[in-house]
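Participant: Going down the list, the protein sequences come from chains A and B. Per the numbering used here, residue 1 is the first one in the first sequence, and the count goes up by one each step. Per the numbering used here, residue 1 is the first one in the second sequence, and the count goes up by one each step.
Since the hints were made in silico from the structure, they are not lab data. None of the values given here were measured: they were computed from a predicted structure. One should not assume that every hint holds.
[As the list claims (entries may be wrong)] Taking lysine-lysine and the DSS-like style, the derived pairs with C-alpha atoms no more than 27 Å apart in a straight line are:
#1 K74(B) - K217(A)
#2 K74(B) - K431(A)
#3 K305(A) - K217(A)
#4 K444(A) - K74(B)
#5 K439(A) - K235(B)
#6 K235(B) - K261(A)
#7 K235(B) - K431(A)
#8 K173(A) - K217(A)
#9 K299(A) - K235(B)
#10 K235(B) - K444(A)
#11 K451(A) - K235(B)
#12 K235(B) - K123(A)
#13 K26(B) - K105(A)
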Amino acid sequence: MNQKILSGVLSCALASSILLGGCQGASTQSKAPESAGETSSAAAGQITSDPVELRFSWWGSDNRHEAIQKVIALYQKKHPNVTIKAEYGAWDGWQQNILTQLGGKTEADIMQVNYNWVHSFGKGKNVFLDLNSVKDYLDLDNWDAEYLKAMTVGGELAAVPHGMTGRALLYSKPMFEQAKLTYPTTYQELMDAGKTIGKSNTATGAENKYVMLNIGKECPDLFIAQMLYNKTGKVMQVDGKVQYTEEEVAAVLEQYNEFAKSGAMPTFQQQNAIANESDPTWTSGRGGSIYEWVNSMDKYLGSYKGGDAKDEIGIAPYLVETAGQTPNIYVKPNLGYAISKNSKNPEVAADFLNFFFTDEEAVSTLGTSIGISSNTVTRDLQEKAGLLKGIMKEGYDMLAKYPQTVLDPYFEDSNVRGARYAALEAYRSGKLSSAEAAKQYITKQQEELDKLFK
Amino acid sequence: MRAGSKRNFAPYLMLIPWVIGFIVFKIYPILISFVYSLMEYPILGDPEFIGFDNYVHIFTNDDVFRSSIAATMKYVLIGTPCVLVTSFFVAYILNFKLKGVNLFRTAYYIPSILGGNVAVSILWIQLFDVNGPVNMLLGIFGAEPVFWLKEESFAVITLILLKTWQFGSTMLIFLAALQNVSASLYEAANLDGATKLQQLFRITLPIITPMLLFNMVNVLVKAFQEFNSAYLITKGGPNYTTYFLNVYIYDQAFMNGNYGYASALTWILLLIIGTLTALVFSSSKYWVYYND
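With the hints as extra help, turn the sequences into a complete structure.
Facilitator: Next comes the structure, spelled out in structure tokens:
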């Protein structure tokens, strides 16, 4: 009998391991676009004529994947001795992926990086190649010095930014037309609009409508950060010190809670678990607006009513405390491009990046899949190609109207941000009072900053 | 004698690849992780020996760890009995000679194959949405809608239900055990006038206790190692009530790059699992019956 049982157990274990093993899948895709031609440019010949193999990793959505692969093919066509393997995937888990690769020194030669990574990964030390060392191949004069400064760590240029980005409000025009309202411009008007648009809302209503959707954890965090900035005139942190008092934070938290109570925003419980552009409240047109990075707005445009009602979407003015007040806007480098310290061919990698930013065909092929660039040459080429149009352009124009403040590099550090997320969730879910949450918001965030600045 | 030595040497030779793999991929990482746990070891920086500071910090100054351990214990202590009872109950039913029983056996096994992947997580999110099918079903009986994924007291229950739903592997092991219980024992019990319930508790359960022990240890260990459901469905929330230790370890190691701290957490998890497993094994002499 025991033999039979053992046999059964082993069979089950074997079947489980095979079947579950079969369910495992690589989260990334790797592919080397084939070289499309045999011509060689003078630049390639200047660096090397030996065969070169590079890896380029990035995250994004399908349109970015397709565009970048085409650019790689264009480069390979001009440089037949160079093969660039593409490694790409969705954002989710990408930070962990890159951090692990860097830890094992198996990272790609060229990497798309986030603003906070260049500062947080090395805790103040640069972990990427100093791009000043390859400036003969990558024209750094095409960037504003301030933008390059944002990517400089310990005196070394860790990455070059593609562009600058900030959050803006993307809104659904029909919702406000039907309610005979214009989009609110002050926090009080936001609450008033909530009382009109959300008047039929119930605690669990599947058909609830909201003036604004606070998707995920990042959206409420950045909205509250801007409220704090607008109300106090102070930024979140300076030189590793949180700038707000508990009273200031508590007041903003309470007002934010009032937005939810008025029906302007979903409550913590009403907020959909699908925390991205597929949030059904947004895709079905029951969300009046989204607070989103301007370079990422296209994905919300694409998911709104199945992508068939793009004309219904516009850019709303920023919300402020009192009418006529100038909003305080946070911006950050939207994406950076770095080269590995372990790359065997950093010059070729730099040459590729230069091509990426300055080749007319490459820029045209990329379109606005990465956003509107702050590289002067890229931006001119984007304009020449007629790419500067649509909702993304409107978003950037809205940003450009107001004074901008570059986010502190550690604002988005995962621990610092995590401390804010935890306090906000505890307050919004009713676990903590506004005073308790405000205290936690400041003290826990400060503790994390202290670790970075010790 | 020389020929005999050759005969004895061959099996060891064949074992060498496995032994090398075991040492390199199991023993070495386990041991080195303990060394790491005594260091401040940023993934992209130089490690620095700090003794037991990581452990001291975890036990004295880490609120997230306290929440995480509470969430994990709740999940394990409620989830393990749920899986064992459900899988045994279904196996017991599927052990009867029913029409189309093989179809049912396959159908009940399928959720185990799916595992905790993204598709299942989306399914679970939809099912347990406040306006989802589960609440609709409960509404028929007059129950108020529940925010399954947003209420602290319900979020972990939702994940336990997912774990319970995926009882297929445990069920199959029970089924294999049940099929090996001799029919003559039931015939004798029937002749003695034993009821079905008496047969279950006096014959079936005692005979399959070795398999119950096997399943209990397996489910317990896997429950402690749960990651996917919390990471994909609740993201550890609300308020860390589903932030299982494995998620915390993952975040510390791969999100924050704190290998040393993550290693210390891993050793604590290992000690907890080891202690509970040892307790189960040591208690087994009182309730597990071997017939050989």
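Participant: Compare the structure with each hint and give your call.
Facilitator: A quick look at each hint next to the structure:
1. For the given pair, K74(B) sits about 25 Å from K217(A) by alpha-carbon distance, which is consistent with the 27 Å threshold.
2. The hinted pair formed by K74(B) and K431(A) meets the criterion: a straight-line CA distance of about 19 Å does not exceed 27 Å.
3. Straight-line distance between C-alpha atoms of K305(A) and K217(A) comes to about 23 Å, which keeps the hinted pair within the 27 Å bound.
4. Pair hint K444(A) plus K74(B) holds up; C-alpha atoms about 26 Å apart against a cutoff of 27 Å.
5. For the given pair, K439(A) sits about 24 Å from K235(B) by alpha-carbon distance, which is consistent with the 27 Å threshold.
6. At most 27 Å may separate the alpha-carbon atoms for a hinted pair to count; K235(B) and K261(A) meet this at roughly 25 Å.
7. The hinted pair formed by K235(B) and K431(A) meets the criterion: a straight-line CA distance of about 18 Å does not exceed 27 Å.
8. At most 27 Å may separate the alpha-carbon atoms for a hinted pair to count; K173(A) and K217(A) meet this at roughly 25 Å.
9. Of the supplied pair hints, the one linking K299(A) and K235(B) holds, its CA atoms being roughly 23 Å apart against a limit of 27 Å.
10. For the hint linking K235(B) to K444(A), the alpha-carbon distance of about 20 Å falls within 27 Å, and the restraint holds.
11. A C-alpha spacing of about 25 Å is found between K451(A) and K235(B), which places the hinted pair at or below 27 Å, so the restraint holds.
12. Between K235(B) and K123(A) the alpha-carbon distance is near 26 Å, which keeps this suggested pair within the 27 Å criterion.
13. Using a Cα cut-off of 27 Å, the hinted pair K26(B) and K105(A) holds, with the two alpha carbons roughly 22 Å apart.
Taken one by one, the earlier hints all hold for this structure without exception.
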